[in-house]
Structure formats: structure tokens, C-alpha cells
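Colleague: Sequence:
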Amino acid sequence: SDALATTLSALYGKLLVVMGIAFPMAEVISTYIPPSFYEGFYLYLYIGSMVFLLYMYAALARDRSRSSAPDTTVVATFGIGSMIYSGLEFGQYWELERNTNCHNCCQHHPLCSGHYHLSLSLTFQMKVYKHKIVARFGLMHMVGTNLSVWLNVLVQETKHEILTFYDPENKTIGLSHRLAFQKAFASLTTDVPPSHPAAAHLRVPRGLKGPHHIFECRRTNIMGSLVQDASPFLFPCTIEYSLICAAILYVMWKNISKYPSKDVAAAIVKARILEGLAYKKSPHLYSVDCARAHKGLFFGILVLVLTIISLILFFVLVSKKDYATLAVVEVNVCELALYAMTTFASLAGMVCVRKLKYDGNRNLELDNILLVGAQTGMFIYGTFTIIGGHFTIEKNTILILITALSSLIQTTCQTMFILDASRRSAKTAEQLRKKPGREIVTFLLVTNLAMWAINTLEKSRAESHPVQLHFYGLWAWTIITHVSMPLAIFYRFHSTVCLCEIWKRAYKMKPAYM
Numbered sequence: 003s004d005a006l007a008t009t010l011s012a013l014y015g016k017l018l019v020v021m022g023i024a025f026p027m028a029e030v031i032s033t034y035i036p037p038s039f040y041e042g043f044y045l046y047l048y049i050g051s052m053v054f055l056l057y058m059y060a061a062l063a064r065d066r067s068r069s070s071a072p073d074t075t076v077v078a079t080f081g082i083g084s085m086i087y088s089g090l091e092f093g094q095y096w097e098l099e100r101n102t103n104c105h106n107c108c109q110h111h112p113l114c115s116g117h118y119h120l121s122l123s124l125t126f127q128m129k130v131y132k133h134k135i136v137a138r139f140g141l142m143h144m145v146g147t148n149l150s151v152w153l154n155v156l157v158q159e160t161k162h163e164i165l166t167f168y169d170p171e172n173k174t175i176g177l178s179h180r181l182a183f184q185k186a187f188a189s190l191t192t193d194v195p196p197s198h199p200a201a202a203h204l205r206v207p208r209g210l211k212g213p214h215h216i217f218e219c220r221r222t223n224i225m226g227s228l229v230q231d232a233s234p235f236l237f238p239c240t241i242e243y244s245l246i247c248a249a250i251l252y253v254m255w256k257n258i259s260k261y262p263s264k265d266v267a268a269a270i271v272k273a274r275i276l277e278g279l280a281y282k283k284s285p286h287l288y289s290v291d292c293a294r295a296h297k298g299l300f301f302g303i304l305v306l307v308l309t310i311i312s313l314i315l316f317f318v319l320v321s322k323k324d325y326a327t328l329a330v331v332e333v334n335v336c337e338l339a340l341y342a343m344t345t346f347a348s349l350a351g352m353v354c355v356r357k358l359k360y361d362g363n364r365n366l367e368l369d370n371i372l373l374v375g376a377q378t379g380m381f382i383y384g385t386f387t388i389i390g391g392h393f394t395i396e397k398n399t400i401l402i403l404i405t406a407l408s409s410l411i412q413t414t415c416q417t418m419f420i421l422d423a424s425r426r427s428a429k430t431a432e433q434l435r436k437k438p439g440r441e442i443v444t445f446l447l448v449t450n451l452a453m454w455a456i457n458t459l460e461k462s463r464a465e466s467h468p469v470q471l472h473f474y475g476l477w478a479w480t481i482i483t484h485v486s487m488p489l490a491i492f493y494r495f496h497s498t499v500c501l502c503e504i505w506k507r508a509y510k511m512k513p514a515y516m
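Under the numbering used here, the first residue of the sequence shown carries the number 3, and numbering increases by one thereafter.
Worth flagging that the hints you see were computed from the coordinates, not collected in a lab.
Where a beta carbon is used, it is the ideal one built from N, C-alpha and C, also for glycine.
Using C-beta positions, here's what the derived DEER-type ranges look like:
no.: 1; residue 1: Glu396; residue 2: Phe346; range: 29 to 39 Å
no.: 2; residue 1: Met21; residue 2: Leu308; range: 44 to 54 Å
no.: 3; residue 1: Ile395; residue 2: Leu308; range: 26 to 36 Å
no.: 4; residue 1: Ala350; residue 2: Ile303; range: 11 to 21 Å
no.: 5; residue 1: Glu367; residue 2: Leu10; range: 16 to 26 Å
no.: 6; residue 1: Tyr46; residue 2: Ile395; range: 48 to 58 Å
no.: 7; residue 1: His133; residue 2: Val335; range: 50 to 60 Å
no.: 8; residue 1: Tyr34; residue 2: Ile310; range: 41 to 51 Å
no.: 9; residue 1: Gly375; residue 2: Phe346; range: 25 to 35 Å
no.: 10; residue 1: Ala60; residue 2: Phe393; range: 55 to 65 Å
no.: 11; residue 1: Tyr14; residue 2: Tyr59; range: 20 to 30 Å
In the BS3-like style, the derived pairs of lysine-lysine whose C-alpha atoms are separated by at most 30 Å in a straight line are:
no.: 12; residue 1: Lys429; residue 2: Lys297
no.: 13; residue 1: Lys510; residue 2: Lys437
no.: 14; residue 1: Lys256; residue 2: Lys506
Start from the sequences and build out the full structure, keeping to the hints where you can.
Modeller: Here is the structure:
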């Protein structure tokens with residue numbers, strides 16, 4: 003029965019995810035579907051998840067045992083950003099006109115989303131040894147809910163960014179005047195004859211419903227403008243929060259009813275008792291060993307400062323027509339230098355940490371899923387950039403092509419280094435003293451913050467990349483950016499977290515049970 007419940011719950015979760023992408027996509031593609039017709043589906047997802055959480059809290063109230071769950075600080079951080087986003091979306095409801103198609107009571111669902119996020123952030127440490135069938139379906143329902151929220155936010159934010167370029171006079175979507183570098187890169191499209199089908203590539207007519215009607219329903223008043231301005235920073239929080247929650251819940255779903263072996267449990271208890279006898283420190287006192295990290299920290303901070311200066315110069319220059327081309331070249335040179343340094347650092351780190359003991363039995367399934375899954379965003383963005391750079395290479399886009407290739411190489415090397423180093427630990431007193439590779443780990447930790455800042459502030463905006471925007475067109479490049487960049491942002495953030503764990507744990511003698 004447990005195997006059947008596992009199979010059926012997996013199929014149920016797959017159905018929820020398929021519906022989660024089909025509903026918002028159908029509303030955008032078809033001209034006959036009214037706005038927000040599918041909001042009842044999300045009410046079902048949120049209410050079902052909250053009912054399951056309440057049921058499990060009640061059923062497990064007497065069981066105070068807690069698993070070695072991941073630190074919920076990161077999850078709560080993204081959860082706060084996601085709740086702010088949901089609150090602003092909910093605030094738009096009160097500004098919609100009454101007696102119109104825009105006014106829909108089902109649009110209260112962001113409020114349910116906020117309560118759901120708050121409850122979910124506190125749930126990850128439950129062990130489930132009873133009510134297995136209910137737990138399997140409930141956890142898979144929550145996995146489907148998080149992935150559906152991710153897909154819905156992705157579609158909605160892509161639609162709203164495209165609609166910022168909408169021209170209601172001729173009912174087309176084209177590059178607007180807000181792109182200062184439109185004329186600077188006009189050479190990419192001026193050689194296309196007007197009769198050629200590609201001449202209309204950047205101006206896309208819409209159907210009968212028209213995007214102006216959609217745009218009037220949201221983001222036109224006070225709260226709507228707040229969401230419009232804040233969404234580039236808040237909607238990645240929802241994306242990343244949903245992905246983290248889905249991964250954690252999936253691991254919980256896989257490990258339902260798995261008891262630890264008696265030998266491992268006894269070793270853990272014995273080791274913790276010995277640690278308690280050996281160390282009588284105050285719970286409020288913490289010690290951090292920063293040995294062999296000063297050089298990496300210094301050079302990392304230097305690179306971070308130079309990156310911030312480069313971003314400031316980019317945003318200042320890109321708003322001026324005469325310097326728009328220089329702005330793009332400047333930021334690409336900065337990225338190329340950053341990728342080159344971190345690639346060499348990752349390769350050197352792999353050589354250094356090979357001296358440490360490798361433990362293949364360490365349970366890092368969750369971190370590996372999040373890291374490799376988020377790396378997909380880097381690959382998607384880099385691959386499309388390489389394709390665009392290759393076919394526009396006669397327009398002097400060789401620098402963009404090289405930067406994208408360097409990004410893929412750097413991401414691959416860094417992921418290999420993190421996956422290897424996270425399973426290593428010191429085994430001799432000499433390694434504890436010398437700490438091989440710690441300077442490199444420190445340098446990569448800080449430089450990943452710099453690359454996270456680039457992805458968040460510069461790359462996440464579709465209009466910041468005129469070459470790709472003109473090559474793929476507004477619709478296609480905006481979709482590519484919104485699909486890939488939240489994952490890329492999360493990859494840099496999670497890499498920083500993983501490197502911090504390596505910095506803290508790899509240079510300590512591990513007890514036998516770990």
C-alpha cells in the first residue's frame with residue numbers, strides 16, 4: 003500500500019504542476035479567456051496545503067522529536083520577500099474598478115499565499131512516522147503548490163514586463179523610448195528590408211482582447227505602480243522561496259517513515275554526550291576560527307568593491323545615448339574578468355582540497371538538488387546568449403560571446419568544486435593547522451556575492467542587453483530572462499551558502515557519526 007501511495011502521490015503532484023503551467027499560459031495565449039479565470043485552482047492549492055499543515059500539526063503535537071532539518075534562516079528570508087510581494091499583489095485588489103471583469107473575488111488568493119508561506123517556513127523539521135498515506139499526498143500537494151506558484155509568478159511577471167512596452171494607439175508591442183541604447187544598437191536591425199518578415203520582429207500585434215485591457219486590470223494605480231517598481235527585486239524572492247520549499251518538501255516526501263539505524267542513532271547519542279562533557283561553554287558564546295582566510299577575504303572584498311563600481315558606471319552610462327555602447331562593453335569586461343578569476347580559483351581549490359579526507363556517505367541530497375537545479379538557469383541564459391552572439395558576431399559582439407562562454411565554464415568548475423569540497427574534512431593535525439584551500443574558499447565566497455549582485459541588478463532586466471533583445475525580439479528575450487535569471491540568482495546565493503558551510507566544516511575533525 004505504501005508503494006501504491008507513493009506512485010499515486012507522485013502522479014498527483016505531476017498533474018498539479020501541469021495544471022499550474024497550463025492555466026496561466028492559456029490566459030496569456032488565448033484571446034477568449036477572461037482574466038484570472040483560474041484563481042480558484044490556486045485557492046484549492048493554498049487551502050489544501052494549509053489544511054494538511056493543520057492536520058499534521060495536530061497529529062504530531064505529542065511527538066516533539068525533530069529531524070536534522072536544514073537551517074530555516076535562508077528559507078525565512080526569501081519567505082519574507084515572498085510575503086511582501088503577495089501583500090502588494092493583494093493590495094491591488096482594492097483599487098480595481100467595481101462591476102468590471104477586473105474585479106474578481108478570487109483575487110484574494112495572495113492573502114492565502116501569505117499565510118501559507120508563514121506556516122510553511124516553520125514546518126521543515128517534522129518527522130513523519132505515522133499517517134504515511136496522508137503525509138505522502140499532503141507533501142506532494144505542497145510540492146505541486148510551490149512549483150505552480152513558481153510557474154504562475156514566472157508567467158505573470160513576464161507578461162507585465164512585456165506590457166510595459168505596449169503601445170495602445172496601434173495595439174503593438176515594441177521597444178519603447180525608455181531604452182536609451184535603442185539608437186546605439188540600431189545597426190542590428192536597420193539592414194532588414196521592410197518587406198522581410200523579420201522587420202516586424204520587434205512589433206507584435208495582439209489578439210481581440212488586447213493587452214491594454216489586461217494592463218488596466220493591474221498595476222495602473224498606487225499599489226499597482228508599487229508592485230511594478232518592486233517586482234524586479236521581490237519576484238525573485240518568490241521564485242527562490244518556492245524552489246527551496248519544493249526541494250525540501252520533496253526530500254521529506256522521499257524520506258517518509260525512514261528510521262535511522264540503531265547503530266547510527268546510538269553513535270549520535272554517544273558522541274553528543276561526550277561533546278557535552280568535553281565542552282561546557284555558554285550557549286551564548288561562539289568562536290569562529292578565521293585562520294588562513296585573510297588573503298582570500300581581502301582580495302574578495304577588493305573584487306566586490308570593483309564590481310559595485312562597475313555596476314554604478316553601467317547604470318549611469320547606459321541611460322545616456324552617446325555612452326550606451328561603452329556601458330555594455332564596460333560591464334562585459336568586468337564580468338569576463340570576474341569569471342576568469344573565479345574559474346582559476348575553483349580549479350586551484352579542487353587541487354588543494356584533494357588533500358582532505360573524502361566522505362562519500364555524507365547526506366547532502368538537498369544541497370545538491372538545489373545547487374544543480376539552480377545551475378540550469380545559468381546554462382539556459384548562457385546558451386541563448388552564445389547563440390545570439392554567434393549569429394551577430396559581425397556586429398562586434400565577440401565580447402558578449404566570450405563572456406557567455408566564460409560564464410558556462412566558471413559555473414561548471416565551481417559546481418564541481420562545491421560538490422567535491424562539501425564532502426571533505428580534515429583528518430590530521432597538520433591539515434587542521436594549514437587548512438589547505440581555505441583562502442580560495444573565502445575568495446569564492448565573497449566573489450559569488452559580487453556575481454549575485456550582477457545577476458540581480460543588471461542581468462535580470464531584459465532591456466539591459468540590447469544585442470540579445472534585438473536578436474531574439476522583445477517577447478522571446480523577456481521570456482528567456484524571466485525563466486533563467488531567478489534560477490541564476492539563486493545559484494549564486496546558494497553557492498555562497500554552500501561555500502560558507504565548506505569554510506566552516508571542512509577544516510574540523512569530524513566525529514565518526516558524521
